[in-house]
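J.: Residue numbers (my numbering), protein chains in the order written: chain A, 18 to 257; chain B, 18 to 257.
Note that these hints are calculated values from the structure, not bench results.
Errors might be hidden in some of the hints.
One copy or any two copies: either way a pair holds, since identical chains are not told apart in the list.
Unchecked claim - Dumping the calculated DMTMM-like pairs for lysine to aspartate or glutamate here, alpha-carbon to alpha-carbon at most 20 Å:
id, residue 1, residue 2
1, Lys147, Asp136
2, Lys143, Glu196
3, Lys143, Asp254
4, Lys225, Asp26
5, Lys160, Glu64
6, Lys79, Glu106
7, Lys58, Glu166
8, Lys66, Asp82
9, Lys98, Asp80
10, Lys79, Asp107
11, Lys66, Glu166
12, Lys66, Glu221
13, Lys98, Asp212
14, Lys66, Asp107
15, Lys58, Asp121
16, Lys225, Glu196
17, Lys147, Asp48
18, Lys147, Glu64
19, Lys225, Glu40
20, Lys167, Glu64
21, Lys79, Glu64
22, Lys143, Glu243
23, Lys160, Asp136
Protein chains: 2
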Amino acid sequence: MTYELYYWDGIQGRGAFVRLVLEDAGASYRDVAREPGGTEKMTAFLEGKHGHQIPFAPPFLKDGDRVISHVANILRHLGPKLNLAPAGEDARSFAHGLQLTIADFVTEIHDTHHPLGMDAYYEDQKDEAKMRSRRFIQSRLPKFMGYFEKILSASPTGPTHLVGNETSYVDLSLFQVVEGLRYAFPNAMRDVETDWPAVAALAEAVKKRPNIWAYLQSDRRPAFNESGIFRHYPELDLDR
Amino acid sequence: MTYELYYWDGIQGRGAFVRLVLEDAGASYRDVAREPGGTEKMTAFLEGKHGHQIPFAPPFLKDGDRVISHVANILRHLGPKLNLAPAGEDARSFAHGLQLTIADFVTEIHDTHHPLGMDAYYEDQKDEAKMRSRRFIQSRLPKFMGYFEKILSASPTGPTHLVGNETSYVDLSLFQVVEGLRYAFPNAMRDVETDWPAVAALAEAVKKRPNIWAYLQSDRRPAFNESGIFRHYPELDLDR
């Protein structure tokens with residue numbers, strides 16, 4: 018069984034959350050749009066040339082005949098198959114809710130550099146991006162990070178995992194968010210270890226998982242850059 | 018079995034998507050935060066006083082011992098139980114993907130009046146809201162509405178439903194979005210019947226479902242207002 022992931026070449030973006038899960042599990046997959054001619058193959062799905070279940074946008078995953086859209090939906094599907102989801106419907110629906118909170122967080126992170134909409138260039142909304150980023154760093158960043166810290170602290174199986182007592186796809190996703198935020202807002206994130214110690218410890222533990230560590234060093238992992246979700250514009254970060 | 022819905026009193030907001038499903042199915046439910054002392058009961062969950070599965074924000078649903086967060090997660094759970102979901106895992110995951118696209122659409126609609134973030138007043142971001150709304154009406158509104166029109170047109174069971182050949186929770190949610198957009202942007206939405214006829218027909222059909230029709234006339238349905246997601250600020254709409 019080889020999974021087919023469809024996501025833009027050249028950025029981590031929302032595809033990164035799926036790639037991390039496939040890599041951690043050592044699953045066999047193709048990153049189709051990164052192959053020669055792959056972007057055209059991806060576009061064909063978006064144009065409805067492969068059945069009526071047309072995705073709104075990448076990423077989407079092809080698993081046999083099934084096409085599954087949206088990161089959280091993909092991970093809900095892959096998690097149990099790849100042994101990266103908790104057992105039981107109750108824990109799985111909690112995990113899915115956490116993943117949807119991460120999705121909202123990611124959208125707000127994206128909007129720090131595109132508050133007026135994604136159809137205009139960053140350069141044309143720089144002043145507004147500064148205002149939105151200031152508010153993000155002041156109130157939304159601690160709200161979301163504090164939430165995940167609270168979930169970890171409240172966990173009946175200890176603060177090592179967001180759900181259950183083994184690593185799940187939600188842990189991998191939170192790691193990705195922490196990595197991305199450290200790239201985008203290094204100054205604002207400098208005190209993450211002291212402010213949100215359980216989150217920081219989780220991110221560190223995920224990074225050291227052998228398959229994740231190997232993946233991060235490989236060229237299968239695109240670098241962070243200023244075309245993705247997490248962008249480093251020093252003018253949007255806190256002053257040192 | 019009485020479901021307990023927890024969502025802010027006084028607005029439709031994201032709670033409306035859950036309320037519509039419960040009402041259409043004639044399910045027994047309590048709209049807890051609209052009862053006396055209910056907001057405190059809701060807040061207790063957010064403060065972690067009811068177990069470790071703490072919701073990030075309302076709406077959340079209590080079904081027996083389970084607490085389920087996020088609209089799409091709630092509807093994925095309720096749909097099959099209330100006979101408002103298609104049969105089969107494949108169609109259900111497609112329906113969930115559509116619901117997540119609606120969730121993204123709703124966030125973008127919200128951001129038309131709060132482009133600089135939800136922690137500041139509309140009055141303090143009016144100019145930016147005008148810019149974002151102009152772009153929304155020009156490019157994002159037709160992109161999303163055109164997408165749902167395409168899904169309806171491509172459906173192998175005809176353009177009456179987004180998934181399968183019976184009404185599902187996704188149809189009810191799309192109806193809510195159309196209703197909200199007509200309230201918020203009446204001028205921009207004036208040509209909905211000609212531009213997106215299948216979407217308009219679906220919204221009309223949902224509105225005439227007996228339980229929905231009765232609900233819309235009842236005082237269980239909060240009115241649209243300028244505290245919710247869909248806000249009517251004439252300065253953000255197209256000129257007549």
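J.: All the hints need checking, so say for each whether the structure fits it.
T.: Hints versus structure:
1. Lys147 - Asp136: Both: 18 Å inside a chain and 15 Å across chains, each within 20 Å.
2. Lys143 - Glu196: So Lys143 and Glu196 fail the 20 Å test inside a copy (23 Å) and across (34 Å) alike.
3. Lys143 - Asp254: So Lys143 and Asp254 pass the 20 Å test inside one copy only (13 Å; across, 24 Å).
4. Lys225 - Asp26: neither (26 Å within a copy, 46 Å between copies)
5. Lys160 - Glu64: Close across copies (13 Å), not inside one copy (38 Å); limit 20 Å.
6. Lys79 - Glu106: Answer is between; shortest inter-copy Cα gap is 15 Å, intra-copy 24 Å.
7. Lys58 - Glu166: For Lys58 and Glu166, neither the intra-copy (41 Å) nor the inter-copy (23 Å) Cα distance is at most 20 Å.
8. Lys66 - Asp82: within (14 Å within a copy, 44 Å between copies)
9. Lys98 - Asp80: Within one copy, since 11 Å is at most 20 Å while 26 Å is not.
10. Lys79 - Asp107: between (26 Å within a copy, 12 Å between copies)
11. Lys66 - Glu166: For Lys66 and Glu166, the Cα distance is within 20 Å only across copies (16 Å; inside one copy 44 Å).
12. Lys66 - Glu221: neither (42 Å within a copy, 29 Å between copies)
13. Lys98 - Asp212: Close neither inside one copy (35 Å) nor across copies (42 Å); limit 20 Å.
14. Lys66 - Asp107: between (37 Å within a copy, 18 Å between copies)
15. Lys58 - Asp121: So Lys58 and Asp121 fail the 20 Å test inside a copy (29 Å) and across (25 Å) alike.
16. Lys225 - Glu196: Intra 13 Å, inter 49 Å, cutoff 20 Å: intra-copy only.
17. Lys147 - Asp48: Classified as neither; 35 Å inside a copy, 39 Å across copies.
18. Lys147 - Glu64: Intra 36 Å, inter 31 Å, cutoff 20 Å: neither.
19. Lys225 - Glu40: within (13 Å within a copy, 49 Å between copies)
20. Lys167 - Glu64: So Lys167 and Glu64 pass the 20 Å test across copies only (10 Å; inside, 43 Å).
21. Lys79 - Glu64: within (16 Å within a copy, 39 Å between copies)
22. Lys143 - Glu243: Within. Shortest intra-copy distance 14 Å satisfies the 20 Å Cα cut-off; inter-copy 28 Å does not.
23. Lys160 - Asp136: between (28 Å within a copy, 12 Å between copies)
In the structure shown, a violation is registered for the earlier hints numbered 2, 4, 7, 12, 13, 15, 17, 18, in ascending order.
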